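J.: Residue strings, one per chain:
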Amino acid sequence: MLFYLFALLAVLSGTYMVLTRNLLYAGFSLLVTLLSVAGIYVLLFADFVAVTQLMVYVGGVLVLILFGIMLSSRVHDQSVMSESVNKVWGTVITFLILVGLCYTILHANLHMLPWLETADMDVLGLEKSTVHIIGIKLMTDFIVPFEVASLLLLIALMGAAYIATDKQKV
Amino acid sequence: MLAFLLTLMLLLGVVIVLAYAERKVAAFMQDRLGPTEAGPYGSLQAVLDVLKLLQKEDIVPALADKGLFKLAPILIFAAVFAGFAVIPISPTLVPAGIGIGVFYLLAIISLDVIGLLMAGWGSNNKYAMLGAMRSVAQIVSYEIPAGLAILSAVMVSQSLDFQEISYQQGVLMNAFPGMGYETNWLFGIQALGIDTTNIGGITTWNIFRAPMLLVAFVIYFIASLAESNRAPFDIPEAESELVAGFHVEYSGFRFAVLFLAEYSMMVLVSLVAVILFLGSWNTPLPNIGSVALANWTTGTIGEISGNLWAAFWLISKTFVLLFVQLWARWTYPRLRVDQLMYLCWKVLTPVALVVVLLAGVWRLLMI
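Those protein sequences? They're chains E and W, same order as listed. Heads up, the first sequence is in numbering that gives the first Met the number 0, so the first residue is 0 and it goes up one at a time. Heads up, the second sequence is in numbering that gives the first Met the number 0, so the first residue is 0 and it goes up one at a time.
The shape of chain W in the complex, shown without the other chains:
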């Protein structure tokens, strides 16, 4: 119960910051000022937006399928929020450390799709229906390259447990039960003979342990943009064609929940990318000789210092990825449907398959 509240609070905080950052970053990239009125530099804008949404009238269209219409936002948010249950925040802090976390996350996110269909159908609106259809088609197709990219990371880590994958990518590896005698080698190749177990930092991140995971990371990142309906993959809510896509009929609190779910999805996919590829809660700074940067910026496991450092690194890396998501939004034009499917099936999926094969071979070199 405590984990539930903590995660919810953390998530709300991150989403508020993200909503503000979205507007400020957009303004910066278009040489505007963005919100300036509310609070210093407009920093209260996002909070006030939420307050405004909560006060608005909750409109249910007369001809909508009322049960489905009301249930859909709850289902969508519940699906996304359930994904956060397996995300480790620090070495000792994880809401639910189940052994098949990665698999669970992939499965529970697919519930989101059902919620989208429910919202699109329940609204009884052409735009909503088309938006939901597009969104679902897109999410279902892009789950394949994303799944393959995740699979290659899982093959290198030999685990489906997010916490175990996290421990492997840093100086704390030998502290994980069952991995007391494992060693990390530079680039994962034992033949090179350079032991990086105690060097830590960026040298033990997954993209460094197995360099082909860098490709997997890029594939996963592109696919995750599509899964969270972000530009340049935002055809489900293309404003110029569909007004707002599947949530066109929603207002007030229900819209706020959908909005929250969408931003939580962005945070969730970025968190997963950070954990699987970018070293999770581990520090990027390596130990260099007697300058033990990694140890200094890791703290002690189980104590406040360890938890704070880990949470700091995890959240700051996540924000870097989120910033890239915003950046991509204002850089690339929207893809057409055929371009979207071309990219997914003819580019990302074959490349991801090759990466999975390479990851399997690489794992043999790591033993």
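In isolation and in its complexed conformation, chain E is listed as follows:
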């Protein structure tokens, strides 16, 4: 029941985000979308992912987006509006993605997936949260992707610092 509530919220706010022309409203409805997706994560026993979603997307990315929108428009102006361009190509690509997704989902044979058959069981067992397992996995089985991700972030940070520095004219 809760799932349908969150799903409905996510879909409605997502639709509003796409349809509204006011970029700022789009940003705030993205907030609702992210929150409801976090709610769905909690229902899936993925508490760590849910909170990380809040931390990274709401606390970081969304604030950055809103900040960008507010800084790039003067205070007295009307809110920033977006225009619709590339209508034909957009429709075609969206439709193709929809068809692709439907095809995949219909052929996925959902009822035979092993993790769905065990979904009724108490996934967490004695553990109070998934953090311990995630930590151990990150340091053993998934150490390479983890380190590569940190390297990527480091490069992004250096790039940002380089772009932001005052370049002295030679």
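Since the hints were made in silico from the structure, they are not lab data. Since the model is a prediction, treat every value here as computed from it, not as a measurement. We put the CB at the ideal spot given by N, CA and C, even for glycine. One should not assume that every hint holds.
Footprint (simulated), chain W over chain E, 3 or more residues, beta carbon under 8 Å [unchecked claim]:
#1 20 to 33
#2 40 to 52
#3 57 to 68
Here are a few chain W residues that face chain E, going by a calculated C-beta distance under 10 Å [unchecked claim]:
#4 Ile97
#5 Ser109
#6 Met128
#7 Ala131
For this one, chain E is given, so just place chain W on it according to the hints.
T.: Relative to the frame of chain E, chain W by itself:
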């Protein structure tokens, strides 16, 4: 639902006392009398202020973005209040004892920032906009040293659960499920061989178990002043420059909600500091030989005595920290923006990184 109402009542009570204390402490530090008329020693002043605010007209500026303007105070207060859900009040009393409480708290507080931006933009006012921008820039930057300081405490405690961290810092540690055979050593160093598990009191507080957490505590406290927009970090609402910052257009009930959210934020950050560093709901008095001060001032878990003692210690320690916040406000002048950023990025963040490293090494000595 009961936990919700209890927490709300407790919070309102604490905030009313705090608002009164703010004025009295300020008056004392400036050699004035402060409020004297309403009630004995003016003690009803804060209550009457709230009543006055509730009766006022609710003004929405004509050119404001009305939806956002009305939604913002609710969002801000909801974000701060949601943080209280994971705060344990006593060994058996916690609204929501989830396993990743610390992480949840950090994440949910960042919703507050969105609310501030909403209020600043929705007001359609230069001062409000500038105040919101400054406030958000400040909160986002100071989350980093605060997060690192919290991380070092979490590394020492090996847990993200506020209740587990609380149990570790007192004589009740072995009563927590899963920690029946853990021991606390003096300064956390097993090699010293002094077992403080049953001594309790201040010797098992986190700042004592791992002395570098004292530095982390100071960093966290400074950062928390910035996060709750308190002086000397109150440039977002600097009266002489911005009138009142992001809430300049709010009046009546909406202003009361914003005011409540601001004071709740102060209470929340102090509570987190107490729980992570200053022994949570544990007593500061240690057991000395047969004079079992710690046991006497802890009570029995699950009974009324245990709950009352724990709540008493937690709230009194929180009030000490809140008093320090007020004290700092009347002691230090406001920082400039560049000084603010200098302090955050060039002083607090490097020191916090070193403390995180030290905490990791210290944890190895504690095993």
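J.: Does the structure break any of the earlier hints, and which numbers would those be?
T.: The structure conflicts with no hint, since it agrees with every one listed earlier.
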